[in-house]
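Peer 1: Construct the entire structure; sequences and hints are all you get.
Residues per chain are reported as follows:
2 protein chains.
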Amino acid sequence: MKKRSLPLGRVYRLLEPGPVVLLTTAGAAGANVMTLSWHMMMEFEPPLVGCIVSGRHHSFDLLRASRECVLNIPTVELSKQVVACGNTSGRKLDKFAAFGLTAVASFRVRPPRIEECYANLECTVADTRMVNRYNLFVLEVVQAWVDPAVKEPRTIHHAGRGVFVVAGETIRLPSRMK
Amino acid sequence: MKKRSLPLGRVYRLLEPGPVVLLTTAGAAGANVMTLSWHMMMEFEPPLVGCIVSGRHHSFDLLRASRECVLNIPTVELSKQVVACGNTSGRKLDKFAAFGLTAVASFRVRPPRIEECYANLECTVADTRMVNRYNLFVLEVVQAWVDPAVKEPRTIHHAGRGVFVVAGETIRLPSRMK
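Top line first, the protein sequences correspond to chains G and H.
Converting from the first sequence to our numbering requires adding 185 to each position, the first position being numbered 1.
Converting from the second sequence to our numbering requires adding 185 to each position, the first position being numbered 1.
Check the hints yourself; a few may be wrong.
With a cut-off of at most 25 Å between alpha-carbon atoms, the simulated DSS-like pairs for lysine-lysine come out as follows [stated by the list, open to error]:
id	chain 1	residue 1	chain 2	residue 2
1	H	K187	H	K265
2	H	K265	G	K363
3	G	K265	G	K277
4	H	K265	H	K277
5	H	K363	H	K336
6	H	K336	H	K187
7	H	K363	G	K265
8	H	K265	H	K188
9	G	K336	H	K265
10	H	K277	G	K363
11	G	K336	G	K363
12	G	K277	H	K363
13	H	K336	H	K188
14	G	K187	G	K336
15	H	K265	H	K336
16	G	K265	H	K336
17	G	K265	G	K187
Among the chain G residues that face chain H by a calculated CB cut under 8 Å, a handful are [said to hold, decoys possible]:
id	residue
18	Y197
19	R198
20	P202
21	G271
22	L321
23	H342
24	A344
25	V348
26	S360
These aren't lab readings, by the way, just hints derived from the structure by calculation.
All C-beta atoms in this analysis are idealised placements derived from N, C-alpha and C, irrespective of residue type, glycine included.
Peer 2: As C-alpha cells, then:
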C-alpha cells in the first residue's frame with residue numbers, strides 16, 4: 186500500500202469509530218503484534234489515545250519497557266490474521282512470519298508498522314501512571330500514515346467471542362461536532 | 186422497547202465495538218443528555234468504562250457532582266437526535282423535550298434512561314483521579330438493559346464532522362478471545 190502522512194489533528198477520525206487494531210511492539214528479541222479493542226481517543230492534538238493492555242500479554246512487557254508502539258488499523262480482509270494474533274502469544278511465536286504480516290520500518294519509533302493495514306499510528310507512551318491500577322497506557326501519536334486509496338475502510342469491531350461487526354454504510358449529517 | 190436485564194459480564198459486547206452513546210446525567214435543575222464517542226472498556230466484570238467528558242460540557246459538571254450517569258446506546262434510526270444532542274447545550278435547552286427523547290426512570294441511579302435506545306447502562310463514577318488531567322471518568326456499570334428483539338443493532342460510529350459509519354454485516358470467526 187502506498188500511504189501518505191496524515192496530519193495529526195485528523196487521527197481521531199481513524200480511532201473514534203472503535204475499530205479493532207493490531208498493536209506492534211519491539212524488544213531485544215524482536216517485534217510482536219497483539220489484537221486490541223480497548224482503546225479510546227483522549228485528546229485531539231497532539232493526539233492522545235488511551236488503551237488497556239493486560240499484564241498477561243507479552244506486549245505489556247514490551248510496551249512498558251520500550252515505551253513505544255504502533256497502532257495498525259486492519260480492514261475485514263485481515264480478520265483471520267486479527268483473530269490469529271489474538272489467540273496466540275508472541276512469547277512462543279513470531280506472529281509476523283506465522284500469519285503473513287509484513288513488518289516495515291516506522292519513521293519515529295522502533296516497533297514496525299504492518300504493511301497490510303490501511304493506517305498506521307506511530308506512538309510513544311506519554312503516561313504510565315494508570316498502568317499499575319488499570320493496565321491503562323496513555324499513548325501520544327507522533328506520526329500517522331494512511332492509504333488515501335481506501336476511502337471507506339471496512340474496519341472490524343469486536344463484539345466478543347469472535348463476533349465482529351464490519352463497518353457498513355457511511356452517512357453524513359450536518360453537524361458542528363468535531 | 187421491552188428490555189431485559191443483561192448480565193454485567195456481557196456489557197463489554199455492547200461497548201467494545203465503539204458505538205456513539207448518549208450520556209444522561211441529572212442535577213437539581215433536571216436531566217441532561219450529551220453525545221459521546223470517546224469511551225472504552227477497562228474491565229470485564231464488574232464492567233468498568235473509561236470516558237472523556239470535556240469540561241466545557243454541562244454534563245461534565247453534572248457528572249462530577251452527582252457521580253452517576255447512564256450510557257444509552259442508539260441505533261441509526263436516532264442519528265438525527267444524536268447529532269442534535271451533540272450540537273446543543275443542556276445549559277440552555279431541555280434536549281429530551283426538544284428532540285423527542287423519552288426519559289424513563291433508572292433502577293440504580295438518578296439519571297434517566299433513554300427509552301428509544303436499544304441498550305442502557307446505568308453507571309456510577311468509580312474513579313475521578315484522572316479527571317483534572319484528562320477529563321477521564323472511570324465508570325462502573327451497575328445495571329444493564331438491552332432489548333432482546335434487536336439482534337444486530339445498527340449502531341453508529343463517529344468518524345468526525347458529522348460523518349458516521351453504520352454497523353454493517355456481522356461475521357463470526359473461531360476464536361478463544363473473550
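Peer 1: Now look at each hint and say whether the structure bears it out.
Peer 2: A quick look at each hint next to the structure:
The straight-line distance between the Cα atoms of H/K187 and H/K265 is roughly 23 Å, inside the 25 Å bound, and the hint therefore holds. For a cut-off of 25 Å, the pair hint linking H/K265 to G/K363 stands: about 16 Å separates their Cα positions. Taking the CA atoms of G/K265 and G/K277, the gap is about 19 Å. The hint holds against a cut of 25 Å. Among the hinted pairs, H/K265 with H/K277 is consistent with the structure: their alpha-carbon atoms are about 19 Å apart, no more than 25 Å.
Straight-line distance between C-alpha atoms of H/K363 and H/K336 comes to about 19 Å, which keeps the hinted pair within the 25 Å bound. Only pairs whose Cα atoms come within 25 Å are accepted, and H/K336 paired with H/K187 is accepted, the gap being roughly 13 Å. Among the hinted pairs, H/K363 with G/K265 is consistent with the structure: their alpha-carbon atoms are about 16 Å apart, no more than 25 Å. At roughly 23 Å between alpha-carbon atoms, H/K265 and H/K188 fall within 25 Å of each other, so this suggested pair holds.
Of the pairs offered as hints, the one joining G/K336 and H/K265 holds, with about 24 Å between alpha carbons and a cut-off of 25 Å not exceeded. Taken as a hint, the H/K277 and G/K363 pair is honoured in the structure, with Cα atoms around 21 Å apart against an allowance of 25 Å. In summary, the hint linking G/K336 to G/K363 is supported, as the alpha carbons are separated by about 19 Å, within the 25 Å threshold. For the suggested pair G/K277 and H/K363, the alpha carbons sit about 21 Å apart, so the restraint of at most 25 Å is met.
Between the alpha carbons of H/K336 and H/K188 the distance comes to roughly 12 Å, so the proposed pair stays at or under 25 Å and holds. For the hint linking G/K187 to G/K336, the alpha-carbon distance of about 13 Å falls within 25 Å, and the restraint holds. For the suggested pair H/K265 and H/K336, the alpha carbons sit about 22 Å apart, so the restraint of at most 25 Å is met. This hinted pair checks out: G/K265 and H/K336 have alpha carbons roughly 24 Å apart, not beyond 25 Å.
Simply put, G/K265 and G/K187 have alpha-carbon atoms about 23 Å apart, close enough for the 25 Å limit, and the pair holds. The beta carbon of G/Y197 comes within 6 Å of a beta carbon in chain H, closer than 8 Å, and the hint placing it at the interface holds. Given hint, G/R198 at the interface with chain H, holds; its Cβ is 4 Å from that chain's nearest Cβ, closer than 8 Å. A cut of 8 Å between beta carbons decides the hint on G/P202: the least distance to chain H is about 4 Å, and the hint holds.
A cut of 8 Å between beta carbons decides the hint on G/G271: the least distance to chain H is about 4 Å, and the hint holds. Nearest Cβ of chain H to the Cβ of G/L321: about 7 Å, under the 8 Å cut. The hint holds. Of the supplied interface hints, the one on G/H342 holds, with its beta-carbon coming within about 4 Å of a beta-carbon of chain H, less than 8 Å. Using the Cβ-Cβ criterion of 8 Å, the hint placing G/A344 at the interface with chain H is satisfied: the shortest such distance is roughly 5 Å.
Checking G/V348 against chain H by beta carbon gives a least distance of about 5 Å; that is within 8 Å, so the hint holds. With a least beta-carbon distance of about 3 Å to chain H, the hint placing G/S360 at the interface is held under the 8 Å criterion.
Comparing the model with each numbered hint stated earlier shows that all of them hold.
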